[in-house]
Amino acid sequence: MDNRNDKKPEDKRDGASQDDKPLLRKDLLAARGGLYEKIKIPLKTLDKIIYVLVGLLILAIILGIGSNR
Amino acid sequence: MGSNMEKVKQENRQSAGMFLLNNALYIILLLILATVVIIRPDFARLDNIINIVKQASTKGILALGCAGLIVLAGTDLSIGRVLGLCAAVTASLVQSATYVQRMYPQITEPLNLMIPLLLAITIGVAFGAINGFGVAKLHLHAFIITLGTSLIAWGINSLYIESQPSGTAQALSTFTKDFLNTAAGNWIIGTVRIPKVVLYFLALAVIMHIIWTRTRLGKNMFAVGGNEEAAAVSGVSVTRTIMYVYLIAGALYGIAAYLEAGRIQSVGTNTGINYELDAISACVIGGVSFSGGVGTIPGVVIGAIILQAINYSLVFLSVNPYYQYIIRGLIIIIAVAIDVRKYLAKK
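Protein chains in written order, with the working numbering: chain A, 20 to 88; chain B, 13 to 359.
Isolated chain B (complex conformation) (with noise of 0.2 Å):
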């Protein structure tokens, strides 16, 4: 009797201990954020909490995309270069026609605010298959090829920029009220107001949720994450399946960056450096594994609004600049070391 209850009081201080292991990062995580509002209560007003799921957005949609090539075991060093040709793209066709500096005098009536999205996709989706191609065909490693990629899209950016009819390189601005409304307003509802991004950010988590679980592209993308030559044995096309998650991924980068143009008003030559950091950081923090065929969307979701979460508290701390680098490199590091350990106890 006696040796039973030991065993299960063994167990029981296992499983637990398994659990904190587990879930140690969001256990700090929300242990700094609880500090933060012990030092500062005004950090858990309704709009501060707003702000972060705001501006968590954008960055949430890039690693919704990211994740999927977390989960084959890739990357995408691209990602915010992408999407900084894709927000200077949008802005230059977005802007107000009473602007004398505009890249494109001759549009004098507003465009359809479908055209810069889609060609936004479009440039994505382009990028997404050059990063694809290069993974899948040529057998490149995805750090390479998005690398590559990446000083491409910055390139084409900084020339696209510097092709306005003024000459300079300023920043794309001035935009018309209706994209301003459509990519950055905010829907009412009584006395609060939901930023659309928000919304469009939780309505793309949950088509992509659907994909990841619902669908044959989601199976054959663990499968492949998992054991890329298992999968190939099983008659899973693994070239098929990375193409699409980087096309699938091209497309979110194209919609985050429509989004992104509305949301920070300005576009120039450096939108969207280092977006890349915050959105792998995003996929890692909410539990998608760098060994590939691990990961969750409504994860990927936490780990966004987590990481956000974070980088607004320590504003809001006034925290310098630098020590933010540090803490989120320490962050970015303990997620890993985190996933690391999981995959050596499953071992």
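Same shape as in the complex, but just chain A (with noise of 0.2 Å):
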């Protein structure tokens, strides 16, 4: 009877144990990565915010044409 399988449930708690605290010290110190993971914003959204800043960039350079003088 192949019994090595009987170990895992166990390695694998304590495994889970020991990568915890690591995890929470990046948590805390790293925050390298996933800049947009806490963005929730809908499609639609964020389509109209996309819309608006280039009518306002079309204004900015329109207004700014020959202003240099």
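Derived from the structure by calculation, the hints contain no laboratory data.
Please note: incorrect hints may appear among the correct ones.
In silico DSS-like links for lysine-lysine, alpha-carbon gap of 25 Å or less [as the list claims (entries may be wrong)]: (1) B:Lys359 x A:Lys63; (2) A:Lys59 x B:Lys359; (3) B:Lys359 x B:Lys19.
Reassemble the complex: the two chains are provided individually, in unrelated frames, and hints are given to aid placement.
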């Protein structure tokens, strides 16, 4: 009878508990990556924001042309 | 039959919509350039185009370095100041021996041009190592560590320039002809003068493209940028990968500084100011995502050239510099908004 699998659940639990601390430290200090993960905005709203920004860009260019005199 | 046709039409509309959204920034910027050409047809002259690519080259080299850091979901705020310091060291070593107020009067023979280049690269790599160590080993946020090194580089640069025998902080200028020819000279093909800096930029872009796409480091970089924990579990050394990417970026800043000193021909304490904004903007416009793990070198090259073309066209249209800041700021925000949209659509 192969009883190698018997230890697996415990090993996994141990591994998980060992990994918890580094994860916590990482959350507090690293903050690397996942820059957009917390953004929860509907796509349609974001599209509207992009349209407004493009409008502002065009307006700024039109107002700016020839202004350096 | 009818419903199938409608489905195909709907799919076509969706794919066209996705294409427009994914390339929205390129389309907007190309439309702006097309408008400029219509208003001022002389904008599209060959010498203007060569000027744009020449000016884009040094900032493009900075963007090549910075792009790797953004792929790692990091950034670098020290680019401009590190470039300033490296350029000051380069400038001080390539001043003409006949110039009375040179930084090192004891240098009476022109130095081998490799010496200032290697020194500039060494300084860039040293700052890259500090930034990389802070991010990879100390797990500091890239914004913080690179902000700190930016101030350190600026301080050292100002002290260095002030240490001239004249006791003033005047800009370092009057370089040897050899240096100017190497860093800022032209290759003449027929009647066309191609700036050497453009060729250096393209050569470095090819090397970086090979590193990104053909080497283990490149694959590891995308793996770490995409999902750091998954990469670590797969056996990728996250620390080593981050360190290498920062070191390569530092080396590129050193090369860019050497070339920039030749291009502007006068290096002061304010040299390099805000260059990081242009480098980061070029990356974002070129499709390198701040979410990490996404980006291409051809995209960065195109981004650097388009950004410079926009800057050049604004000067061409006599746009007030204050409006130019607003326009450039809006371009960056739109680029990031489109990037976020792509991220959310994929999710």
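Tested hints:
With a C-alpha separation of about 15 Å, the suggested pair lysine 359 (chain B) and lysine 63 (chain A) falls inside the 25 Å cut-off, and the hint holds. Between lysine 59 (chain A) and lysine 359 (chain B) the CA atoms are separated by roughly 11 Å; this keeps the pair inside 25 Å, and the hint holds. Distance hint between lysine 359 (chain B) and lysine 19 (chain B) is fulfilled; the C-alpha atoms sit about 23 Å from each other, no more than 25 Å.
Every hint, counting from the list given before, is met by this structure.
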